[in-house]
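**Q** Given these sequences and hints, build the entire structure.
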Amino acid sequence: MNDFLSYSHWIGKFTDKELTAEEENSLIFQASYNPLLRNELRLDNDLNELFSDPEVFLLSETIRKTIIHERNKVRTPVYLKIAASVIILITLAGLAGFVINYSNHGYRHALLAHEAILKSKDFFGLIPGSDNRVGALTPVQRRAIIQYGQKPDSYTPRPEFEFLVGTVTRDVSVFVISPMPRVKSRVDSTIYFSWRWLAGPMPLNLEITDNLGHVVLNYMQLTDLGYALNTKHWARGLYYYKITTGDEIITIGSISIY
Amino acid sequence: MILLYTNEKLVRGFMEGREPCVKYIYREYFPMVRSIVSARNGNLEDAEDIFHDGLIIVHNRLKNNKFTLNSTLKTYLYSVCKNLWKRRLERKYRLLYAADTYISETDICDTEESQEEESSEKFRLYKKNFAQMPEFCRELLTHYILKTPLEEIARIMNYKDAEYVKARKYYCKNLLRKKILNDPECKQFMNYE
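Line by line, the protein sequences are chains A and B.
Residues 1 to 258 (my numbering) are what the first sequence spells out, left to right.
Residues 1 to 193 (my numbering) are what the second sequence spells out, left to right.
These are calculated hints, taken from the structure and not from any lab test.
Do not take every clue at face value.
[Stated by the list, open to error] FRET-style restraints, in silico, Cβ to Cβ:
no., chain 1, residue 1, chain 2, residue 2, range
1, A, Ile88, B, Arg91, 43 to 53 Å
2, A, Leu89, B, Arg155, 54 to 64 Å
3, B, Lys147, A, Ile88, 47 to 57 Å
4, B, Lys128, A, Arg38, 17 to 27 Å
5, B, Pro134, A, Glu22, 26 to 36 Å
6, B, Pro184, A, Lys65, 19 to 29 Å
[As the list claims (entries may be wrong)] Some, not all, of what chain A presents toward chain B, calculated at C-beta under 10 Å:
no., residue
7, Asn39
8, Asp46
9, Leu58
10, Leu212
11, His214
As the structure is a prediction and not an experimental result, all values here were calculated from the model.
Beta carbons: idealized from backbone N, C-alpha and C, even for Gly.
**A** This is the structure in structure tokens:
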């Protein structure tokens, strides 16, 4: 056995022709009666032949590497891909909903705050019975607006303002000449507000809100006899103006810009 | 990244052993090989072996100008792999169920094709054992196969001199032979006696 092992170590040298003549003869002699040694000699010959072409060797390495690499790649089943896509879509839709809700939040807040003002006596406080007559949005409408961001059309009349249009209050210290209670105006035109004091000059406030109740213009302490309002950069829609003196409403009207 | 190759470019890249081409071939043609193999009860590993051997055979045939590629590489690879798998199954069957059956001289008369196929299989099995060798042996033998001069190997691997490289080479080759001789899969090729 030991002989076999030592001769086995000679095989490489034998192939490279590095054995002495004596060693070579000895190996051949051993191989003649030792099948294991013969097998190994042939295997060595095979190996030398097979690995003689570096190109094939490298190609085989590349193929093997590719196979292992591709096999170890995480292959996601189709159903998982579909599930992942659905989850992503739902997440995106949720995010979009959140963004829309968030952007509506200001609007909703304004709407609720506005309703609160309307219900309090700050806005229509001096108009008798106004508390009972304020026609806020129905719960269904409000829910629709809050949930789906369904804003009313910019020309949709606001009921709580609408029924007050043209109302002239009991304050007789100021007489509003223009505009008319319901004004229709084009974009980029001028609307003249004019008034006369009956009992001496008194500063006036002019407030204009859109049909959602957002204040778009608020002039305080007007002491002139009039005010020219240019609607050049105004969005088309329905607005409501309110002229007040300190704590009393003089008149309320609507301006429709088209 | 998906690259599209024409047949000529693909064959050229494959013959030069370019990795992107081999990857492309794998991605495009391996499912075909897999279906050939799985149609006859083969598993994924069988398919990978057939794919490897098929490509080596195609490479050798093209390199030795044994034929001109008139069809596409895919078609040729298909036929090579199909034959390869068929022969392998037949041999397996013979080994399992008909070991005692008398085989006439004409039956065992190997064609050039079957010799090629056997040599590609041998090559793969030897390489499998080669891959299981210690790292220094793999590196050393790879340099040896790539015909790097011994002095250069000594320099790269930080060995004393060329003589020491030779001694290590004999040691590693001896180790490889022993591994192959002890591998049951390789036994079928060891019937020299």
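**Q** Out of the numbered hints, which ones does the structure contradict?
**A** 10 and 11
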